[in-house]
Amino acid sequence: MDNLISARNVSVERDGKSVLKDVSVSIGYRDFITIIGPNGAGKSMLLKCLMGFYTPDRGSVTQSADLKIGYVPQRLVADHSIPITVERFLKLRKLSTSESRDRVIAETEIGLLLRQPLSVLSGGELQRVLLARALLDNPTLLVLDEPAQNLDVTGQLAFYKLIERIYRERNVSILMVSHDLHLVMSATRNVLCLSGEVCCYGEPSSVAQDPAFITLFGEDMAKMMASYHHHDHEQHHHNHGHEHPTVMKDLNHV
Amino acid sequence: MFDDFIIRALLAGGGIALVAGPLGCFVVWRRMAYFGDSLAHSALLGISLGLLTGLSSNLSTVITCSAFAILLLWLQHVRVLATDTLLGILAHAALSIGMVVLSFLDNLRFDLHAYLFGDILTVQTVDLYWIFGGGLIVLVLLIKSWESLTLMTLHEDLARAEGVKTFWVNLILVLLMTIVVAVSIRIVGILLITSLLIIPAATARHLVRSPEMMAVCALLLGLFAVFGGIMGSAYLDTPTGPSIVSVATILFATIVPIAGLITHLQRRRRGIFT
Numbered sequence: 000m001d002n003l004i005s006a007r008n009v010s011v012e013r014d015g016k017s018v019l020k021d022v023s024v025s026i027g028y029r030d031f032i033t034i035i036g037p038n039g040a041g042k043s044m045l046l047k048c049l050m051g052f053y054t055p056d057r058g059s060v061t062q063s064a065d066l067k068i069g070y071v072p073q074r075l076v077a078d079h080s081i082p083i084t085v086e087r088f089l090k091l092r093k094l095s096t097s098e099s100r101d102r103v104i105a106e107t108e109i110g111l112l113l114r115q116p117l118s119v120l121s122g123g124e125l126q127r128v129l130l131a132r133a134l135l136d137n138p139t140l141l142v143l144d145e146p147a148q149n150l151d152v153t154g155q156l157a158f159y160k161l162i163e164r165i166y167r168e169r170n171v172s173i174l175m176v177s178h179d180l181h182l183v184m185s186a187t188r189n190v191l192c193l194s195g196e197v198c199c200y201g202e203p204s205s206v207a208q209d210p211a212f213i214t215l216f217g218e219d220m221a222k223m224m225a226s227y228h229h230h231d232h233e234q235h236h237h238n239h240g241h242e243h244p245t246v247m248k249d250l251n252h253v
Numbered sequence: 000m001f002d003d004f005i006i007r008a009l010l011a012g013g014g015i016a017l018v019a020g021p022l023g024c025f026v027v028w029r030r031m032a033y034f035g036d037s038l039a040h041s042a043l044l045g046i047s048l049g050l051l052t053g054l055s056s057n058l059s060t061v062i063t064c065s066a067f068a069i070l071l072l073w074l075q076h077v078r079v080l081a082t083d084t085l086l087g088i089l090a091h092a093a094l095s096i097g098m099v100v101l102s103f104l105d106n107l108r109f110d111l112h113a114y115l116f117g118d119i120l121t122v123q124t125v126d127l128y129w130i131f132g133g134g135l136i137v138l139v140l141l142i143k144s145w146e147s148l149t150l151m152t153l154h155e156d157l158a159r160a161e162g163v164k165t166f167w168v169n170l171i172l173v174l175l176m177t178i179v180v181a182v183s184i185r186i187v188g189i190l191l192i193t194s195l196l197i198i199p200a201a202t203a204r205h206l207v208r209s210p211e212m213m214a215v216c217a218l219l220l221g222l223f224a225v226f227g228g229i230m231g232s233a234y235l236d237t238p239t240g241p242s243i244v245s246v247a248t249i250l251f252a253t254i255v256p257i258a259g260l261i262t263h264l265q266r267r268r269r270g271i272f273t
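Protein sequences, first through last, are from chains A and B. Reading the first sequence from the start, the letters are residues 0 to 253 in numbering that gives the first Met the number 0. Reading the second sequence from the start, the letters are residues 0 to 273 in numbering that gives the first Met the number 0.
In short, the hints are calculated from the structure, not lab data. Mixed in with the good hints, there may be bad ones.
Below are the SDA-like pairs computed for lysine to any residue, each with C-alpha atoms no more than 25 Å apart in a straight line [unchecked claim]:
{"#": "1", "chain 1": "B", "residue 1": "164", "chain 2": "A", "residue 2": "137"}
{"#": "2", "chain 1": "A", "residue 1": "67", "chain 2": "B", "residue 2": "154"}
{"#": "3", "chain 1": "B", "residue 1": "143", "chain 2": "A", "residue 2": "135"}
Predicted model only: the values in this text are computed from it and were never measured.
Hey, can you work out the whole structure from these sequences and the hints?
Structure (structure tokens):
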């Protein structure tokens, strides 16, 4: 099988309400997929299903044998009542070699934080520590759930740059939920636009011109995305170029 | 030099402090204080059911508290009501039903006060077996699941993503609390059990920098409080359970301000202001 994870027609209902409907997606080797969508679109639920700790009501999720997930949550609320240093946190339940630990610490630049308690770290520092933990046992897939949600703009930029570098330098696939599409554009290879069901899927430049995307995110976001050109990607799944003027005209009437 | 009952009480109290300290850390970290209190309330129902059926009161307490805890976890899972409302209903229902059941046993001599506040005079050798047997089970399970529990406490989904079976680990934690509550009743009583879990752990928090050290420190503080309380109550003729909790509180009230002051001075010296 060529995919790390394949989900076929995944549907989830909660309290009689449909959260995910017929979602199919596959994550291959060296993929970089960004999931976007409005609040309540089922993004986190989709991640849970893909990671295998929520069983969908219908549909199937298949994971390949060499799937090893490194998970970076949205945020860690390091409660002051738990005294724990960064170093101890990295070692919790992890049997990593000192080599892999040194590499990760250098990559995420957390060397100076190791002896600090978790509860005093800033948002950006905490996210780097979480990323370090996720990378410790050389995952084949890095799953990030809105990892820069609670950072300021500079922090967001720095964090996404770091993700981009890790993607370049490591043999890893990345699956990320993010609202900051304009910041991850240059790194991500595919965008999955989710609103309970899959609205559109493809390269960032083509997704930006999809009417479904524009309906969900508005004209401004679409313009910002469309002005961005992907030089380094030759292959195009869809060619929406000719549709572009129509879409813009439609929007002017709204 | 000591009477037998004091030695039994010291052994019993020491055994409880050994497990209450480390377990208490999780009660503090995971904000389970009210849960522990409710569990203790349900213990009275367990005791009265034990008297009604002729089972050993330790056994019937463990069974009743476990059933109570599992019922509560299930109700939390199906989300019928907010957790504190659920706890309020279940705890007082169990306490009341326990009292009603007791009233049917009026030919029995029953010292309610001893169950509410503990009584060292009631500690028998068989209770020591319960405390050390139960304590050993609790310690082994707690050490085995220590890292998983700590990770879960920091971030439940992160733990799940890394393969921790969070449902089962949660259940283990709740059942461990059940055992500790059930065997502690003889020493500190239903109303004071939670304080034995919380006060040493809360005091230890201010002295340490790692979760493991906090557990060890809470254990030592708990031992000190139990021994101090029991000896104090023997010499001053004060009730044992409340004496133990008083010693723990004195430790807390002395150590926390001093530790706070030291941290403050250290920060000033390093030029860090918070």
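Status of the hints after comparison with the structure:
A threshold of 25 Å between alpha carbons decides the hint, and for residue 164(B) with residue 137(A) the separation of about 22 Å falls inside it, so the pair holds. Note on residue 67(A) and residue 154(B): the hinted pairing holds, with a Cα-Cα distance of about 19 Å set against a maximum of 25 Å. For a cut-off of 25 Å, the pair hint linking residue 143(B) to residue 135(A) stands: about 22 Å separates their Cα positions.
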